[in-house]
Structure formats: structure tokens, C-alpha cells
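According to this note's numbering, the sequence shown is numbered sequentially starting from 8.
Honestly, I wouldn't trust all of these hints.
Unchecked claim - Beta-carbon label-pair distances, calculated as ranges:
(1) P59 with V22: 26 to 32 angstroms
(2) I12 with A73: 19 to 25 angstroms
(3) P59 with I12: 37 to 43 angstroms
These aren't lab readings, by the way, just hints derived from the structure by calculation.
Every residue, glycine too, gets a C-beta built ideally from N, C-alpha and C.
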Amino acid sequence: MRRRIVVLALLVAAVVLILVGAAIALLSPVDFGWTAYAPLSGESFSFTGMYPLTAARAAGMGTAVAGLLVIAGVTGWTLGRRSTRRGAR
Numbered sequence: 008m009r010r011r012i013v014v015l016a017l018l019v020a021a022v023v024l025i026l027v028g029a030a031i032a033l034l035s036p037v038d039f040g041w042t043a044y045a046p047l048s049g050e051s052f053s054f055t056g057m058y059p060l061t062a063a064r065a066a067g068m069g070t071a072v073a074g075l076l077v078i079a080g081v082t083g084w085t086l087g088r089r090s091t092r093r094g095a096r
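Hey, can you work out the whole structure from these sequences and the hints?
Here is the structure:
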């Protein structure tokens, strides 16, 4: 019973990590200066469709990936424990 509580707590913590990381990555403001020069083209550079990577966004993505890794580890550990018990009978 205690093992089930630990697994559930880890899964809840992983989901929280994913949600917090996604929120940080998507909602962090971008503040930077940019100068682009397009020689001989007669057009200016536009940021349309670009997603600049800042330190806050990288930290958010890293947090979300850590949550996904925790979920993968807990799932693998749980499935491995289950198959070990079946083989011992």
C-alpha cells in the first residue's frame, strides 16, 4: 500500500512539473533587441512565426522534460515490478 502511495505521489509531482514547465515556457515574456540587415533584397526582416528561446523558456522546457522523464521512470519501474511478481509464482 505504501508503494502505491509513493508511485501516485511521484506521478502527481511529475504532472505538476509538466504543467509548471509548460506555463513558464509559454507565458514568459520576451525582451530583446534585434537588428537584421538583408543586403540587396529591399525587404526588412520579420519575426513572424519565430519562437525566440530565452533563459526562462529554456528552464520551462527543461522542467517539463524532467516531469516527462519522471513519468517514464515511474511507469517503467511499476511495470517491471509487476512482471517480476508474476514470474516469482
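Note whether the CB distance of P59 and I12 lies within 37 to 43 angstroms or breaks it. 42 angstroms, holds
Note whether the CB distance of P59 and V22 lies within 26 to 32 angstroms or breaks it. The hinted range 26 to 32 angstroms holds for P59 and V22, with Cβ atoms some 28 angstroms apart.
Falls inside 19 to 25 angstroms, the C-beta gap from I12 to A73? The hinted range 19 to 25 angstroms holds for I12 and A73, with Cβ atoms some 22 angstroms apart.
Against the hints set out earlier in the document, no violation occurs for any number.
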